[in-house]
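J.: Read off the chains here:
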Amino acid sequence: MPRADWEVVIGLEIHVQLLTQSKIFSGASTRFGADPNTQACAIDLGLPGVLPVVNEEVYKRAVTFGLGVGANINTRSVFDRKNYFYPDLPKGYQITQLSDPIVEGGEVEIPLADATKIIRITRAHLEEDAGKSLHEDFHGQTGIDLNRAGTPLLEIVSEPDMRSSAEAVAYAKYIHQLVTYLKVSDGEMSQGSLRCDANVSIRQFGDNELGTRTETKNVNSFRFLERAIEYEIERQIGVLESGGTVNQQTLLFDPDRGETRPMRSKETSRDYRYFPEPDLLPVEIDQAFIEAIRQNMPELAPQKARRFAEEYQLSDEDARSLSADSHLADYYEKVVGVGKDSKLAANWVRVELLGQLNRKNIDISETPVDAKELGYLIARIKDGSISGKIAKTVFEALWEGEAESAESFIEANGLVQVSDSSELQPLIDSIIQNNPKQVEQFKAGKTKLMDFFVGQVMKETQGKANPKQVNELLNKKLG
Amino acid sequence: MHEQSISQMLDALDRKEYSCEELITHHVDRIHQLDEQLNTFITHTAEQAVTRARVLDTARAKGEAPPLAGIPIAHKDIFCTEGVKTSAGSHMLDNFTSPYDATVVEKLQAVGAISLGKTNMDEFAMGSSNENSYYGAVKNPWSETAVPGGSSGGSAAAVAARLCAAATGTDTGGSIRQPASMCGITGLKPTYGRVSRWGMIAYASSLDQAGTLTRSAEDAAILLNVMAGYDPKDSTSLFMDVPDYTQALNKPIDGLRIGVCQEYFGQGLDPDIESGIQLALKMFESAGAVISDVTIPASQHAIPAYYVIAPAEASANLSRYDGVRFGYRCESPADLADLYQRSRNEGFGTEVKQRIMVGSFALSAGYYDAYYRKAQQIRRLIKDDFLAAFKKVDLIIGPTTPTPAFKIGEKSEDQISMYLQDIYTITSNLAGLPAGSFPVGFSQGLPFGVQIIGNYLDEARILNLAHRLQLETDWHKMSPEEFS
Numbered sequence: 001m002p003r004a005d006w007e008v009v010i011g012l013e014i015h016v017q018l019l020t021q022s023k024i025f026s027g028a029s030t031r032f033g034a035d036p037n038t039q040a041c042a043i044d045l046g047l048p049g050v051l052p053v054v055n056e057e058v059y060k061r062a063v064t065f066g067l068g069v070g071a072n073i074n075t076r077s078v079f080d081r082k083n084y085f086y087p088d089l090p091k092g093y094q095i096t097q098l099s100d101p102i103v104e105g106g107e108v109e110i111p112l113a114d115a116t117k118i119i120r121i122t123r124a125h126l127e128e129d130a131g132k133s134l135h136e137d138f139h140g141q142t143g144i145d146l147n148r149a150g151t152p153l154l155e156i157v158s159e160p161d162m163r164s165s166a167e168a169v170a171y172a173k174y175i176h177q178l179v180t181y182l183k184v185s186d187g188e189m190s191q192g193s194l195r196c197d198a199n200v201s202i203r204q205f206g207d208n209e210l211g212t213r214t215e216t217k218n219v220n221s222f223r224f225l226e227r228a229i230e231y232e233i234e235r236q237i238g239v240l241e242s243g244g245t246v247n248q249q250t251l252l253f254d255p256d257r258g259e260t261r262p263m264r265s266k267e268t269s270r271d272y273r274y275f276p277e278p279d280l281l282p283v284e285i286d287q288a289f290i291e292a293i294r295q296n297m298p299e300l301a302p303q304k305a306r307r308f309a310e311e312y313q314l315s316d317e318d319a320r321s322l323s324a325d326s327h328l329a330d331y332y333e334k335v336v337g338v339g340k341d342s343k344l345a346a347n348w349v350r351v352e353l354l355g356q357l358n359r360k361n362i363d364i365s366e367t368p369v370d371a372k373e374l375g376y377l378i379a380r381i382k383d384g385s386i387s388g389k390i391a392k393t394v395f396e397a398l399w400e401g402e403a404e405s406a407e408s409f410i411e412a413n414g415l416v417q418v419s420d421s422s423e424l425q426p427l428i429d430s431i432i433q434n435n436p437k438q439v440e441q442f443k444a445g446k447t448k449l450m451d452f453f454v455g456q457v458m459k460e461t462q463g464k465a466n467p468k469q470v471n472e473l474l475n476k477k478l479g
Numbered sequence: 480m481h482e483q484s485i486s487q488m489l490d491a492l493d494r495k496e497y498s499c500e501e502l503i504t505h506h507v508d509r510i511h512q513l514d515e516q517l518n519t520f521i522t523h524t525a526e527q528a529v530t531r532a533r534v535l536d537t538a539r540a541k542g543e544a545p546p547l548a549g550i551p552i553a554h555k556d557i558f559c560t561e562g563v564k565t566s567a568g569s570h571m572l573d574n575f576t577s578p579y580d581a582t583v584v585e586k587l588q589a590v591g592a593i594s595l596g597k598t599n600m601d602e603f604a605m606g607s608s609n610e611n612s613y614y615g616a617v618k619n620p621w622s623e624t625a626v627p628g629g630s631s632g633g634s635a636a637a638v639a640a641r642l643c644a645a646a647t648g649t650d651t652g653g654s655i656r657q658p659a660s661m662c663g664i665t666g667l668k669p670t671y672g673r674v675s676r677w678g679m680i681a682y683a684s685s686l687d688q689a690g691t692l693t694r695s696a697e698d699a700a701i702l703l704n705v706m707a708g709y710d711p712k713d714s715t716s717l718f719m720d721v722p723d724y725t726q727a728l729n730k731p732i733d734g735l736r737i738g739v740c741q742e743y744f745g746q747g748l749d750p751d752i753e754s755g756i757q758l759a760l761k762m763f764e765s766a767g768a769v770i771s772d773v774t775i776p777a778s779q780h781a782i783p784a785y786y787v788i789a790p791a792e793a794s795a796n797l798s799r800y801d802g803v804r805f806g807y808r809c810e811s812p813a814d815l816a817d818l819y820q821r822s823r824n825e826g827f828g829t830e831v832k833q834r835i836m837v838g839s840f841a842l843s844a845g846y847y848d849a850y851y852r853k854a855q856q857i858r859r860l861i862k863d864d865f866l867a868a869f870k871k872v873d874l875i876i877g878p879t880t881p882t883p884a885f886k887i888g889e890k891s892e893d894q895i896s897m898y899l900q901d902i903y904t905i906t907s908n909l910a911g912l913p914a915g916s917f918p919v920g921f922s923q924g925l926p927f928g929v930q931i932i933g934n935y936l937d938e939a940r941i942l943n944l945a946h947r948l949q950l951e952t953d954w955h956k957m958s959p960e961e962f963s
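In the order they appear, the protein sequences are chains H and X. Going by our numbering, 308 is the number at position 308 of the first sequence; the sequence numbering is gapless. Going by our numbering, 824 is the number at position 345 of the second sequence; the sequence numbering is gapless.
Certain hints may be false.
As the list claims (entries may be wrong) - Residues of chain H placed beyond 10 Å of chain X at every Cβ, according to the derived structure:
#1 Gly49
#2 Leu51
#3 Asn83
#4 Asp100
#5 Glu104
#6 Lys173
#7 Ile233
#8 Asp271
#9 His327
#10 Asn361
#11 Thr367
#12 Glu404
#13 Ser422
#14 Asp429
#15 Gln456
To be verified - Here are the simulated lysine-lysine pairs, DSS-like style, with alpha carbons at most 27 Å apart:
#16 Lys334(H) x Lys183(H)
#17 Lys871(X) x Lys82(H)
#18 Lys871(X) x Lys761(X)
#19 Lys340(H) x Lys389(H)
#20 Lys712(X) x Lys60(H)
#21 Lys712(X) x Lys82(H)
#22 Lys464(H) x Lys382(H)
#23 Lys82(H) x Lys853(X)
#24 Lys360(H) x Lys343(H)
It should be emphasised that the hints constitute simulated quantities derived from the structure, not laboratory data. Note that CB positions come from ideal geometry on N, CA and C, so glycine has one too.
Working from the sequences, and respecting the hints, build out all of it.
T.: In C-alpha cells:
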C-alpha cells in the first residue's frame, strides 16, 4: 500500500521552561550554566523537613499563555505528586498538575505552506523539572546535577490534530514563537527551554479508530522533530504492511543514527500513584489576577502582522516576516517612527539588517546598528539628502562600529547629496564640453549614452549628486 | 527546681533564686543520672545548652533576656536542628545532621528556651508505643515495664520524669495526646496549620501537627504563644492572628457548653478511665458548664480511613530516603536498583516498610478510588459531623486512650490492637481540629488523661477548661516517685 493511503495522526506535548528568576517551589536561581549543584537549595535537594511554596510568577506566566491561546483559566488548580524513583528526582516524586491544571482548552491557528490550520490545545499544566544525570564524566558512576531540579515547566498538550511532520513542526514553531512573544519563556532550545514529546500513530484513510501510538520523548530541535516523526511514520507503515502490530511504547530519537529506539522498559510503564500534593493547598486565583494579566497582554504575532499590513501598507510577506519575532517587530517599528517611510524601512530591515544578522548569525537583540540610526538613514534617503548607495556605506560603517552616529558620519565625510542645480550645472557643462564625440552620438539617437553622462557626474561628485536631478539637467542640456 | 512549672522557673530566675546555668546544669545532671534507664533521649546537647545558659545569664544581668530565657526544653527528634543529628528515630537518618533549623526550633530558641537534646520516638513517628525506634524502646517513668506511648514517647517520658520542663512533639494520629495520657502529663495538638511544619520531618503531611508536651495547661499556653503563627515557608500554615493563650486561662467556665462524645464510651474502654472522665465532667458541671451528649457517627470509620491516608502520604514522603544524597546507603551497591532496594530495606524498620507498602498499594492504579478517594470522603464526613456538633457545644470531651499504658512487648505482635490505641485521637487529626490530653486519674497505678477537643483555632478554650481542671485537681502535679 503506498504511503499516500496512510493517514498520519500526531499530537505533541511541549515542555516549556518558564522565564522566572527563581524556581517553581523554592527561591533558588534558575540561571542556566552555573557549576553543578550550586543552584540547588535545601528544597531542591529534597532534604528532610522541607516544604514547597508556589512561586507566583509561575502562575502569571501560565495564565499569560492560557490567554494567548484563548483557553479557560481554571481559578482553582491543584498540584499532585507523581511518584517514581530516579536519582535526578530528589524527592522521589515530581510535583505536577493532573486533574485540575491551570489551563484547559484553547486553540492556535498555524501557518502552513498554502493555508492555515487550527490546532486545539487540550491543556497546559505546571510542573517542576528534574535534575540532570551525567553519565559521561564519571567512570562507572553517574553524576547528578540538581541545578535544573525545580525549574518551572509548562507542559502544553495538543489534541491529535496534526496530519504530517510538517504540520507538527509548524505547530511547534508556532508555540515557540508564542511563548517567546509572550515572554513566558526565553525559548532557548539549545538550553532545553522547549522540548517536545511526539505522539505518532497511523491509520488507513477512512478509519474512525486511532491507530496505536508511540511516544517519542525529549526532542529538542525542530529539525530532529521532523526527522523523528518521519522515521516513526515509515517504521509504523513498515510494521503494519508486513502484517505486524505497532506496540504502544516510549521511544527516544537518536539524532546521530537518525532513528527512534525504545527506552528501556524500566523507564516506562510505571504506575505513578498520583495523589494530591498535601504540602500545597489548591491554588485559587481570582478574576482580578487574570484581568490584570489580560490588560498587559502583548500583541501576538498574527495580530501584529495584520496591523503591519494595514497600518504600514506592507505586503503580507513583509508583514509576517517582520512580526515573526517580537524583538524584530519592535525594532522595525522604531525605525519607522524615526524614518517615516514604512516600505523603505521594511526593505532596509529585511534586506540589509536581517541579511547581515543572518550572515553573522547574530540575534536581533544584539544588533550593532541601533534602530534610531537606521531610521535616520531612511529619513535622509527619503528627503533626498543621501542616495541609497551612500546610505549603504553609512550602514556598513555603523555595523562595523566605525561611526558614532549616522548623522556625524555623513557630516564628517561630506556625504550629503548635491541636488543644488547651481552647483551641478557648471559640472555638467564642462562634461558636455569635454566629450563632444559622445554628445554627437547621443544626439544621433544613441540614448543609452545617458548612463555614461550620469556616470561622469557621479564620478566627479564622488557619488554625492542627486541622480534624479542630474538626469533632469542632462536631458535639458542635451535634449 | 525540676518540679517547678515554666512560670515558676521564670519567676525564680527573675528573683535570682538561681541562674540559667544552674537551672540547665541541674537538668543536665538529672538526664545523666536518670536517662540511662528511661532512654528518652537520642542525642544530648548538654554542652551547647550550658554555653547558651551562660550567654543568657549575661543578657539577663543587662536586662536583655528574652521572655523564656533559660527554660530547659527538649525537641522530638523529628524537628530539624542545625548542626545536630536529626534522626526521626530511624537507622536511615542515623548519620544525618541537619543544615537548618525547623521553624519551631528557631522560634523557641529566639525566646531563650534551651534545648537539652533530641528525644526518642517511633521511627518516622509511626507507632503508639515508642517500641519502633532504631534507638530502642523508651520506658514509662511510672513503670519501667510499661511503654510511654508514642510516637512522641521520649518527649512525654522526659517531661514526666522531670528531665526537662517541656518538650515539643508531633501528632499525626494521637502521637502527642496518647503518650501524654500514658505519662500523666499535658499534651496539646493545635489546629492543623496553627504551627509551622517547616523543618518537621514529614510522616503524613495533611495530618502532621506540631504541639507541646508540658506539665500544665498554663505551660502549654506559654509555649503555644511562641510556636503558633503563620510561616511563609509552609503553605499549609494558617494566615491568622495568634491570640495570647495565657489570657484566656482564667476565664470562668460558667455556661460553657461541653459535649460528651457518645462514640468514645463504648466497648473496650477501661472502667477506671470512664469513671475518671465522669468525675471531671461533674466537676465542670458544678463550675457552671452545661453538659450534653454529642455524636460523631462517622468516627467509626476513622481508623480505616487513617490507615489509608497516612500510609499513602508516607509512601511518597519517605521516597526521598533512597541512599543517593543523604542518609543511610548500603555497602557497595551493584547497580541503581540494588542501591535503592538495599538502602531502603536496611535503613527502614519493619513498621515503616509495612506502611510504605500499604500506602503504595492504596495509591496504585485500580485501587485509588476504592481506598484513597474513599478515605478522603470519610474524612469529609468526620469533619462535617464535628462541625454539626460544634453548633451545639463549645468543646467535646472523651477519653484519650482506651487503656492506660500497656506492657512493653505486649502489643508488638498484635498490630490491630496497637492501631486501636488511636481510636479516640485519630478523628481530630482527620478533621484538623485542636485537641489536648490532661491528666485526670490513675488506673492500675498508671496515669490517664481526659481528651478535650475544640473547634478550629479554639485552642484557648481547650486550655481554659484544662486550666480550670488543673486549678481544682492535682493529677498534673503528681510525679513518678523515682523521678520526683
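J.: Next step is simple, just say for each hint if it's right about the structure.
T.: Evaluation of the provided hints:
Listed as a non-interface residue, Gly49(H) fails to keep its Cβ farther than 10 Å from every Cβ of chain X; the least gap is roughly 4 Å. Non-interface status of Leu51(H) relative to chain X is broken: a Cβ of that chain comes within 10 Å, the nearest being about 5 Å off. A beta-carbon of chain X is positioned within 10 Å of the beta-carbon of Asn83(H); the least distance is around 5 Å. With a least CB separation of 15 Å from chain X, Asp100(H) remains clear of the 10 Å interface cut-off, as annotated.
No beta-carbon of chain X is positioned within 10 Å of the beta-carbon of Glu104(H); the least distance is around 22 Å. Under the 10 Å C-beta cut-off, the non-interface status given to Lys173(H) relative to chain X holds; the minimum distance is some 36 Å. Every Cβ of chain X is farther than 10 Å from the Cβ of Ile233(H); the closest lies at roughly 31 Å, confirming the non-interface assignment. Not every C-beta of chain X lies more than 10 Å from that of Asp271(H), the closest at about 5 Å, which undercuts listing it as non-interface.
Every Cβ of chain X is farther than 10 Å from the Cβ of His327(H); the closest lies at roughly 36 Å, confirming the non-interface assignment. Look at Asn361(H): its CB is around 41 Å from the nearest CB on chain X, clear of 10 Å, so calling it non-interface holds up. Remark: the non-interface label on Thr367(H) is consistent with the geometry, its nearest Cβ contact in chain X lying 43 Å away (cut-off 10 Å). For Glu404(H), the requirement that its beta carbon stay farther than 10 Å from each beta carbon of chain X is met, with the minimum near 51 Å.
Separation of Ser422(H) from chain X is adequate, the least Cβ-Cβ distance of about 79 Å exceeding the 10 Å criterion. With 10 Å as the threshold on Cβ separation, the claim that Asp429(H) sits away from chain X holds: the shortest Cβ distance comes to roughly 86 Å. A cut-off of 10 Å between C-beta atoms confirms that Gln456(H) is not in contact with chain X; the least separation is 80 Å. Distance check on the hinted pair: Lys334(H) and Lys183(H) sit about 20 Å apart at the alpha-carbon level, within 27 Å; holds.
Restraint check for Lys871(X) and Lys82(H): the C-alpha separation of about 42 Å exceeds 27 Å, so the hint is violated. Only pairs whose Cα atoms come within 27 Å are accepted, and Lys871(X) paired with Lys761(X) is accepted, the gap being roughly 19 Å. Distance check on the hinted pair: Lys340(H) and Lys389(H) sit about 19 Å apart at the alpha-carbon level, within 27 Å; holds. Straight-line distance between C-alpha atoms of Lys712(X) and Lys60(H) comes to about 20 Å, which keeps the hinted pair within the 27 Å bound.
Taking the CA atoms of Lys712(X) and Lys82(H), the gap is near 22 Å; set against the 27 Å cutoff, the hint holds. With a C-alpha separation of about 15 Å, the suggested pair Lys464(H) and Lys382(H) falls inside the 27 Å cut-off, and the hint holds. This hinted pair checks out: Lys82(H) and Lys853(X) have alpha carbons roughly 20 Å apart, not beyond 27 Å. In summary, the hint linking Lys360(H) to Lys343(H) is supported, as the alpha carbons are separated by about 25 Å, within the 27 Å threshold.
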